[in-house]
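Student: Sequence:
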Amino acid sequence: MWLAADVDKTAIAHKDHKEPVVNMHLPSDRNGSASIPYPRKCYLPFILYPPAMRRNDKGHRFIVDDVDMDKDGGDFVLYLSVPYCRVRCKACPYFIEVLRKGDRRGEEDRYVAALIKDIRHWASYRKWRTGRLRAIYLGGGTGSILKTDSLRAIVDAVFESFNIADDYCFTLEGNARDFDEEKINYVARSKITRISLGVQSFQPKILRIVGSPHAAAQSIGVIRAFQDQGFFNIQMDLMFNMPEHTLDVWKRDLDVMADLNIPHFTVYLYRIHPDTPQAKLIRAGKVKPALHPDEQAVRDMKREVSDLAKAKDFRQYMVDHFCREGFENKYNEWSWKIYTDALAIGPGGYSYFDGYRLGTGKDVDEYLAHVDRGEFLITAVGDRMTERIERERYVIFTLLFFVVEFTAYRKKFGAGFLDDFGPIVNRLKEKNLVEVDERQMRLTELGVEWHSNVLLEFFNPTFWADEDALLEPNWSMNIPMVEVSAQSRKYWLGE
9 MWLAADVDKT AIAHKDHKEP VVNMHLPSDR NGSASIPYPR KCYLPFILYP
59 PAMRRNDKGH RFIVDDVDMD KDGGDFVLYL SVPYCRVRCK ACPYFIEVLR
109 KGDRRGEEDR YVAALIKDIR HWASYRKWRT GRLRAIYLGG GTGSILKTDS
159 LRAIVDAVFE SFNIADDYCF TLEGNARDFD EEKINYVARS KITRISLGVQ
209 SFQPKILRIV GSPHAAAQSI GVIRAFQDQG FFNIQMDLMF NMPEHTLDVW
259 KRDLDVMADL NIPHFTVYLY RIHPDTPQAK LIRAGKVKPA LHPDEQAVRD
309 MKREVSDLAK AKDFRQYMVD HFCREGFENK YNEWSWKIYT DALAIGPGGY
359 SYFDGYRLGT GKDVDEYLAH VDRGEFLITA VGDRMTERIE RERYVIFTLL
409 FFVVEFTAYR KKFGAGFLDD FGPIVNRLKE KNLVEVDERQ MRLTELGVEW
459 HSNVLLEFFN PTFWADEDAL LEPNWSMNIP MVEVSAQSRK YWLGE
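Counted the way our numbering counts, the sequence shown spans residues 9 to 503.
Mixed in with the good hints there might be a few duds.
Only pairs whose alpha carbons sit at most 30 Å apart, straight line, appear in this in silico BS3-like list of lysine-lysine [unchecked claim]: (1) K199 / K155; (2) K318 / K420; (3) K213 / K259; (4) K79 / K125; (5) K199 / K66; (6) K259 / K320; (7) K420 / K437.
Quick caveat, the hints were computed from the structure, so don't treat them as lab data.
When you get a sec, could you build the whole thing from the sequences and use the hints?
Tutor: Okay, here's the thing in structure tokens:
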């Protein structure tokens, strides 16, 4: 999911500190590894590259003057942002607007009307009108927070505006609390093909501690209701290592999930972001801190996931993602593994096309005003990528799936992967982080454990020690990458 945020004050404060403020940790002997290949283990929650984005002073004119929107389009994915939640989870660092039940001010109707107008505006350009839309993701915030009529209007607008591939995937992200009978009936019979539920935990006590809006019983009931309607493509998010989230509690979460017989799940390490309500509660001694990610108990939680996956015929096909055959997240595969253009519409949306990363700021009112004027709100952009940086970006993203396939790389760039990155590959081989044969480079078990550090090996040298980027309007999901690259290469990778 792509979300936006204003300049993070913790990131600015970091400019005067030696340690990053995001969750990065020193390795220790307690992790049980036979080898420690780097001076520090990096725990990146999200991978975005290049790391830095800059304030866009050209506004709408950037699209008109700097991007070729009149050429024929190719394959692409579409992200639609719903910038609303019912509440804000205690550890959430992302922007949201809290949309109260009842919505007496009519915020949702105004936003949905603007989003649909914006969808049609983008689709009026040849690039998007002639391109083939492979996957759609309606997220946020909370995509499911919208009324059934709003969802129907957005889905209809997408299919009226774009050239949709026959084997498309349309994911609706959300919260089980939002699904009443009417909404379940609509989604199960609509052109939405997949739902993603942020369950986090099935234990009410844990959900209260983290301030989650999710409800264990409702999550189970909604999943069963969809299955009763013949709708089985359901994805579930779980988190581990939350405060007071013991191994026994985690086993109970996994047991409940296994009984629900869903085909895809993700497991995320719980992260305490600076200056969030949860961080303040922990500092005040009101909430127990989460364990260090290399504690044996946390490693045991990961092992439980692997054991369950093997027992229930799941495979880990990318970082944090497990599925049964045929239920991979197509949005992620087209975005990162196949590496297509990505168009994001709505506040907080992040796009990639024509060699640029582009972002829309979080301010809903500003977004509405721009749409009303017939303009695109582009608040931040990255520098146009060189061919070398495009290749680095491809490698970093495809390694989210643990492997670089040489034939796919040559087809994409007309060059050999080993010719382009031979010295880096040799360094990784020497550290026992990758295995290489005539077809591919694949991460070893140790490489998967040190996954984020392996990705940093492919950073362009010019991106290291970029402290100025900390002062730019970075997206919340982008801030960890900016903080990492504000350090020197040696800090993370040694040598």
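Student: Hint by hint, where does the structure go against what was stated? Just the numbers, ascending.
Tutor: Per hint list: 2 and 5 violated.
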